[in-house]
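Can you build the whole structure from these sequences, using the hints too?
Line by line, the protein sequences give chains P, G, R and X.
Its first residue numbered 1, the first sequence is counted upward by one per residue in my numbering.
Its first residue numbered 311, the second sequence is counted upward by one per residue in my numbering.
Its first residue numbered 830, the third sequence is counted upward by one per residue in my numbering.
Its first residue numbered 1141, the fourth sequence is counted upward by one per residue in my numbering.
Honestly, the hints are just simulated from the structure, not real lab data.
Hints are not guaranteed to be accurate.
Per the computed footprint, the stretches of chain P lying under chain X, defined by three or more beta-carbons under 8 Å from a beta-carbon of chain X, are [what the hints assert, rightly or not]:
1) 21–35
2) 53–65
3) 91–102
4) 170–183
5) 265–277
6) 284–290
Simulated restraints, written as ranges between beta carbons of each label pair [claimed, not checked]:
7) P:P159 x G:E442: 21 to 27 Å
8) P:W163 x G:R592: 52 to 58 Å
9) G:A397 x P:W163: 17 to 23 Å
10) G:R427 x P:L78: 29 to 35 Å
11) R:E879 x P:L78: 46 to 52 Å
12) X:T1198 x R:E879: 19 to 25 Å
13) G:Y456 x X:W1368: 57 to 63 Å
14) X:T1198 x P:G308: 53 to 59 Å
15) G:A816 x P:V295: 55 to 61 Å
16) X:P1451 x G:E345: 53 to 59 Å
Where a beta carbon is used, it is the ideal one built from N, C-alpha and C, also for glycine.
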Amino acid sequence: MNELFSLAVITGILTSAIRLATPYLFAAVGEAFAQSSGVVNLGVDGIMLVGAFVAFYVTLQTGNLWLAVLAAALVGLLMGLLMSLISVTLKAEQGISGIGLYMFGLGLSSLLFKLLVGTVQTIDGFKVIKIPLLGDIPMIGEIFFQHSLPVYAAFLLVPVAWWFLEKTTWGLKIKAVGQNPAAADSLGVSVDKVRYFSVCLGSVLAGLAGASLSTALVNLFQENLTAGLGFIAVALVYFGGWKPAGILVGALLFSTVNAFQLWMQVLGVNISSDVAVMLPYLLTIAALVFATNRVRQPAALNKPFERGEN
Amino acid sequence: MTTPANLQKRIQRVEMCDIVKRFPGVLANNKVCIEVNAGEVLALLGENGAGKSTLMRQLYGLYRPDGGQILIDGQPQVFHSPADAIAAGIGMIHQHFMLVPTLTVAQNVALGLKSSREPQLDLERVSKRIQELAQAYGLKVDPEAYVWQLSVGEQQRVEIIKALYRGASIIILDEPTAVLTPQEVNDLFVTLKRMTQEGHGLVFISHKLHEVMAISDRIAVLRDGQMIGSRPAKGVTRDDLVKMMVGREVKPLAPQPLQTGPVCLGISGLRAMGDRGTEALRGVDLEIHASEIVGVAGVSGNGQRELAQCLAGLRKNTAGTIQLNGQDITQASLLERMAAGQSYIPEERMRDGAIREFSVQENLFLRDHAAPQYTNGIFLNFARMAARTREVIQQYSIKAPGGDTPIKNLSGGNIQKLIMARELSRQPKALIAAQPTRGVDIGATEYIHQRLLEQRANGTAILLISEDLDEIRTLSDRIAVMYEGQIIGIVARGEATVEQIGLMMAGIPLQETRAKASA
Amino acid sequence: GQAATPAPAAKVVRVAVVMPSSTTDMAFSQSMYSALVAVQKEMGGEAAMEIKYSENMFKVPDAAAAIRDYASQGFDIVVAHGSQYGASVEEIAKDFPGTTFAWGTDVNTFGLPNVYAYTAAAQEGGYVNGVLAAKLTTSKQIGVTGPVEVGDAKTYIDGFVQGVASVDPSITVNKTWTGSFSDVALMTEAAKTHIAAGADVLTGSSQSVVGSIGAAKENGKVLWFGTQSEQTTLAPELVVASQVYDWTAMIKEIIASRAAGTLGGKTYTLQLSNDGLKIVFNAGYNLPADVKAAADAAIEGIKGGKITVNP
Amino acid sequence: MPPESHPRSQKSWLDDWKDLAFRAALPFLAMLAALLIGAIVLAFLKVNPLTAYAAIVTGVFGSMSGFTQSLVKATPLLLVGLGICIAFRASMINIGAEGQIILGALGATAWSLAFRNWPGWILLPTTLIASFIAGAAWGFVPGFLKARFRVNEILSTVMMNAIALQLMNLLIRGPLIDQAGVTAGTYLAQSEKLPESVWLTRLIPQTLLHTGAILAVILAVVVYIFLWRTTIGFRIRAVGLNPDASRYAGVNVPAYQALSLTLAGGFAGLAGAVEVMGVHHRLLEGITSGYGFSGIVAALFGGLHPLGLIPASWLFGSLLVGADKMQRAVQVPSALIDTLLGLVVLFVVGSAYISQRWAARRAIAVSKAGKEAEA
Ligand SMILES: Nc1ncnc2c1ncn2[C@@H]1O[C@H](COP(=O)(O)OP(=O)(O)OP(=O)(O)O)[C@@H](O)[C@H]1O
Ligand SMILES: Nc1ncnc2c1ncn2[C@@H]1O[C@H](COP(=O)(O)OP(=O)(O)OP(=O)(O)O)[C@@H](O)[C@H]1O
Ligand SMILES: [Mg+2]
Ligand SMILES: [Mg+2]
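Take a look at the structure:
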């Protein structure tokens, strides 16, 4: 048990946590955009799967990782357009269209994998880049500055997303549309356009989340590669109170506990593996219970907008 | 954010010709024609559901007309969305404010506008410009404040600034005074006057005829979607307007004095916190007798809302007691208070008073659905409920196709009648009525007033909270004026002038005013 | 058992298989599907043997429907390739006494004359892999990753641990279970954790271990031992050996006995001794001769009964 | 109100009928549209789409086994859907049915094995109750967290699913493991068989159709009565539509939100119970079969109405069975099925708005016609 608190192990846990948090960050920050504009997209997991496959496949065929990332973003965009069409233009119940999108993505990614690839293969994904100087700092360097590009990108995304939501005209529109679409509409802001944009932006990030899995974290594709990760990402948006910084905290908490339980198992701490695997979920719930300031969700979340209603 | 309002081309004249607008089952506008000129105020009158808001929403691009034309300075226009109308120089202050409460005033104003530092917001610049406009038109606001922190009057000023900021030269105000106190109405009128002087043309919608006569240059009246007529405001009397609107005469009420009974509702030392974390009630003492209407006047935000909520059991008080017929109900739950004979007509009827998607019948039994005479065990007795609903619809002349109609298809006045019916049919010992006629047309207002007086005659103690000083003065046996969470004074009917009450609302006790007058 | 090649029959043998994961999972389902295809090829292609499959049947009622459906379509042999299908097979087999059912992995034929049960003594290959692993580790730390400790995942690991202990009891074998059959990312991270903790040899079972292999590959120096299917292609430099389930002999025998009139009632166990289990060494990996010899000795020992491995 | 406000009086029965026919047909049209896309994919896979789709129809209606199978699948969908429906009426989104099914299945298994010697007439009903309570407990937790701490239920139910799964892994390999598997050295992750006295009677020999289907239909009617005819149901619906007005009407809003999730959990728990008691006769891995998610979809197909759910869950069950059948008939990868189902869900939810718009436009047209006739 003491071993668990040695410096090496702590370094190990935190390094793992940073890595594990990557897809959650992409997906959850993306979902935060969609939700800030009032659209719950439960199809994140499906989009991630298609993104993961496409990135994997393009890498397999061309070896060009940048092309792979671009392709993943593109299919994310396409699926975002589909989601927007159904839940913004056609004003469908968002929870259900999201689940439809999830099923579609799960099926499509597996189908394409079956048809185009067949068996599991590994690819050469993004390599670890040690940041000069910073990467050499003992402990800190290993934890923060020896990762692959998508990992850095995910963490960079947090301040960028914050800036976008809080400091730009577009961010203002997104938040207004999520809080009071009628007000935004009455000022000539196109609610549908803003929602399309936010959902699509979120979906592009979901596609990238998938790509980060298949080209940086596991370097392969397999049916249902995400294993429900996208749903956790949606939950993290609630955890983070629709704020990128809150999401960062949530994602890190979740992944740190996950890394911690893996180390506990590896070090042979006497605890049932099932209980260990439960830990991150239990802790996320507990953290929410004890979080003092609970943020209100965007007032128009999950409410399709139609002019003239109320 | 760079174009100042006065740089934009001024509209001289807006015409709406033969406008037709249909909704499922409703012909909301039937060949309606109006015109507004720069520098004048056109008042639009009509009962609830006459089609006023619908007409204006078409001018603002929110609806597309099914027929007819909109002309600006003689040029035909097609507005696909508010963006088009805004670009053409039209602004609108909506009946229900269109503000984002979680954003600041400056953010609300900047919303949808190009920034000078695109894509970054430039809120300092917006704030500066807001301040300039505020100065020019006499609209006091703090650009950095969050909208949720603002009083209703301040929110309205933000709405006006939003329109001015966008260079609107024709501005529509849909029932702007419904939620304002007399003082705020005065301030608003000063601003409106200044706007017409600056060359703005205004469309003003209101149910309060004296306001209409005070501010407007021309008056147009709509009834059942049709234009009844339009005439200059000069020389028009209240009775003329009422007849045009309602098609019959509606006389102001003159309640007879009544012998009041023993104290029914006793409030003493009541303190409570408000939503913004400050103390909203700071020791309220008030006694209301049976067969008495006590009106509570005050500038909104001085604790009236919190007082009503405390009495209803929706807000916890921090100190003090509430008694109902000698029984302490301070800690009682809402249901217990109801059982003890208390009724409550909430201020926000669509938010707190009724459920849009529920039917007339379901709304009628929202509070009493579990009463023994309408249930068998846990099962609802629909036959009894339906019978009772028919009775009530008849008795209170609620205009509804039937008891199973969802109330979202009813007009505001009829919804208010329904809530009245629900609360009064319980034969309450004490009734708290908050803003019972806000936004309700003249006919329905008269009706509601009659009912309140009837209830008073039946021995109910009524606490009437209203921002309509005329209503308070007409109905109340005594008037309690609230200022900063306390009752600053209580005057009997006829004991004080409007001016004196107005001063009390501003925090100057009656004695001081009188002392000054006699000095 | 000895598999006799079935006499070329005029009639096409119709075989259907229902399996819980995909035919390309590099593990359990693929091992059966490849075996069927191999037998088909040997028998002369589609003209001699028809194969139909239902994959990803992790929902048992769907699998039951599929099994019943194939039986009612007149398939001669229906393979229910998942231990969770047992109850379904027991029920359906009674309704189709003329159809042969094979199900595994289990040992129970329910006393029915038309049911074969089959299982793999995964602990045997586990033992051999364990011996190899113990000889090759220099850090004396070995990591095991898997989804859930059940079925042949458990028996394989149990055998593996015994194999390691037989060489050097001081070597530690650490196990992590991720709780999910599909969470590859967590599996990868589990493997990385083992590596960070000092392990230089890894093994594990089920379809999600491809994640662990990926982690080994990324590290570049950590060795891998596979089970169920041959996993060499996933990391040609690092996979030392794989225990491969080879069901071909069993299938051939079932077809032959059916032709001879025996519809079932027997239990098969894949073992090293009956060539159902094979240790496939990666030709691309430069295995020291003494280590290979130790492994061969273990194989012979198990085959000959000199070494007993407890499941 | 203008005189036009009673459109019904001007509508002929024919208009009504056309209206109804169109609105009822639209989901099917949407489904056909989705299948059309599927046909293109099938053609791409060199499979004749007609053969494939014929297999769906014959798969369900062509044989007793297919038909009963669709009912077997509809049963848990209906039960889960009922819970979703109750929660949704209180405006609670229950993503946690997967976990609640697991708990129900665990409850039924543990209870019936623990008291296996009890006579069937008492063991069977108590087993059902135990499963209801176990599922309800799993729904209560997020309900309580919502009521007491305002923890968003989407978040907590997702987390509770993961926890339930691990809990089952723990129990099914520990206290509940089938000892026969341990003895044989197979260590299968499944429980012992439940005592026969709690097996739900099979309604048709050689099929899996069991009395759970009847129970589910009865419960649908019960839930309908509960939601629309009782005071508690009234309050649940009121809370869902307008919490502020409900609070004002004296309803303890958080308590009813918690109650709705608790009941939702209970019904999902029953779904778990009928699966172990009616279909598998034991607890095994993958017991939920994804019904926790597809139940949400079925609930939506049924208009989130308990009675609408009866045909909707059957329809969805048939679709699942037919799709499986198609997979077997034309040997396409099973992933195609998920893809198609996803498309069907997307198209059908999307079509609801079109039908709404259409109805509104017809109402205007009808009232206009009436007006002109009057003039
Ligand atoms: N979005 C809508 N959908 C359907 N019908 C509508 C809609 N908006 C208004 N109506 C109908 O049009 C009629 C006119 O409504 P409108 O809001 O214009 O009345 P108004 O004159 O503004 O009433 P008030 O004085 O109460 O504000 C109403 O009777 C109503 O039935
Ligand atoms: N979506 C809608 N469908 C049907 N009728 C509507 C709709 N929206 C508004 N209305 C009707 O339009 C009329 C005016 O609506 P509005 O919101 O202006 O209420 P109101 O009567 O003015 O009450 P208040 O001024 O207190 O809000 C009402 O009769 C209302 O029922
Ligand atoms: Mg209006
Ligand atoms: Mg109004």
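Structure-based check of each hint:
| no. | hint | in the structure |
| --- | --- | --- |
| 1 | 21–35 | violated (count 0) |
| 2 | 53–65 | violated (count 0) |
| 3 | 91–102 | holds (count 10) |
| 4 | 170–183 | violated (count 0) |
| 5 | 265–277 | holds (count 4) |
| 6 | 284–290 | holds (count 4) |
| 7 | P:P159 x G:E442: 21 to 27 Å | 34 Å, violated |
| 8 | P:W163 x G:R592: 52 to 58 Å | 43 Å, violated |
| 9 | G:A397 x P:W163: 17 to 23 Å | 30 Å, violated |
| 10 | G:R427 x P:L78: 29 to 35 Å | 33 Å, holds |
| 11 | R:E879 x P:L78: 46 to 52 Å | 39 Å, violated |
| 12 | X:T1198 x R:E879: 19 to 25 Å | 20 Å, holds |
| 13 | G:Y456 x X:W1368: 57 to 63 Å | 42 Å, violated |
| 14 | X:T1198 x P:G308: 53 to 59 Å | 48 Å, violated |
| 15 | G:A816 x P:V295: 55 to 61 Å | 38 Å, violated |
| 16 | X:P1451 x G:E345: 53 to 59 Å | 57 Å, holds |
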